[in-house]
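S.K.: Protein chains in written order, with numbering that gives the first Met the number 0: chain R, 0 to 235; chain L, 0 to 235.
Any given hint might turn out to be false.
Said to hold, decoys possible - With a straight-line Cα cutoff of 25 Å, these simulated DMTMM-like cross-link-like pairs (lysine to aspartate or glutamate) come out: (1) R:Lys221 - R:Glu206; (2) R:Lys221 - R:Glu116; (3) L:Lys221 - L:Glu108; (4) R:Lys221 - R:Glu43; (5) R:Lys221 - L:Asp91; (6) L:Lys221 - L:Glu116; (7) R:Lys221 - R:Asp20; (8) L:Lys221 - R:Glu43; (9) L:Lys221 - L:Asp137; (10) L:Lys221 - R:Glu108; (11) R:Lys221 - R:Glu117; (12) R:Lys221 - L:Glu101.
The hints are simulated quantities; they were obtained by calculation from the structure and are not laboratory data. No experiment lies behind these values; they were computed from the predicted model shown.
Number of protein chains: 2
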Amino acid sequence: MTMQGVSDHPSGGAKTPLRRDSLQQQIYERLRNGLVSGAFLPGETVSSRGLAQSLAVSAMPVREALTRLTAEGALELTSSRTLRVRVLTPADFDEVTTIRVELEGMAAERAAGQVTEEDVARVRALHGDLTAAAETADADRYLAANAAFHSGIYAAARWPLLLSMIQRLWLTVGPSIRASVPDHLHMATSMRFHDAAVEAIGARDAEALRAAIVGDIETAAKDIRAFLAEEAGATD
Amino acid sequence: MTMQGVSDHPSGGAKTPLRRDSLQQQIYERLRNGLVSGAFLPGETVSSRGLAQSLAVSAMPVREALTRLTAEGALELTSSRTLRVRVLTPADFDEVTTIRVELEGMAAERAAGQVTEEDVARVRALHGDLTAAAETADADRYLAANAAFHSGIYAAARWPLLLSMIQRLWLTVGPSIRASVPDHLHMATSMRFHDAAVEAIGARDAEALRAAIVGDIETAAKDIRAFLAEEAGATD
DNA sequence: CCGCGCAAGCTGCGATCGCAGATCAAAGAT
DNA sequence: ATCTTTGATCTGCGATCGCAGCTTGCGCGG
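Whole structure, please, built from the sequences with the hints as guidance.
M.R.: Below is the structure:
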């Protein structure tokens, strides 16, 4: 039951059940998508056999995908040999945020320096999706669109390693963002930075783009961090 | 035959064949150690069954370790379904180097701000090892000591995620460094930066430590990049 | 003696089975 | 009724087998 809504990769066709590269790769991408898009909450338990059954494959490729996610810090292995979505402490979250500012700032700056017209058009389209999602106030849809928007910008930097490292960080913070977003619904203030980012990338203004991205990250982080601290305060 | 010299984890006892956490974790760490310490060259082919046999385990845990390394960009899958150590293009190398400067600079700066006396002592000891290795001009030993020295500094920042991201980058560049180091033997000029780093960390001087680390990275990168460009020029 | 072709051997990947721990629930003892 | 204990059933992990591609080398035809 936990895997609902993790299905749609924006690219793929409609009904394709599962087939393209290796199974474990597809499963990994699905799960990553779900982690970023809010399909999982921190602390939620995940089992390889359970996932395998709901995906109608054997436990093997699921295991390898989960192993990767665990190694990347998105999942964690409890003392009772149970796998669950990692629960970030406020300190963990601060660390991720600091690195995100550095890496995503770098990607934004570099992207602004070499965007093509196509890149700009693509980012504008993603911005449209994001705006539409924000208006419906559908948290999951908003989170997915937000991730796509940011990745769309960073992709213009054409530094695949940097992009993959950024996406790893999103993997870690995704569930915590998901947990905190229904509270404050900071979408409105966040959209201000998104608008600025679109304008900056259109103008090829590296400094403005970096500022917009960093502002977006830090503004959202402030709310999320407060949520995590409060949650950690409660005995839970 | 390819696994010679990857054996000794500095911590473990002598004869311990393989036992502690999960097998795949141990194998992963061994391989990572080997990649950073110069046991592998770019383009070198690696097979899961072959490794499994030389480690006297089944192919399963080796596969998962290799999968992880592939996902992290240390290995790559050729069109003929063969796994080999990734070959970096000069552009790849530039990307890694830029990110390294940013991340390792950040780690150095933060480390200087909160080193304990024990940290300083530990780094000094590692510096001793490194100096000794440089004097013997044993490339592999030097590379291993160099990695330990840098990690020792970054560990003082006490940001595990940052450390793991840095180590992932080392994984990627390790073999290329190994391929180029016998040429120029830049150990001498590199040791200048290492000396400066030890002094800076002792003085808790964040700016000086960052400068030493960044200088070390960029100076070495200049030589390595030239080597890669030359190698790419040759038809190979 | 040279060149083509087929088969045996590699490769990674997926499925299935078995094992050791840990949890949880139901049954038995006080 | 409450506490204890035990077994059924989870968990992740390792081993083994089978499959589909690709590479390689031996043997056959020219």
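S.K.: Going back to the hint list, which numbers does this structure go against?
M.R.: 2, 5, 6, 7, 8, 11
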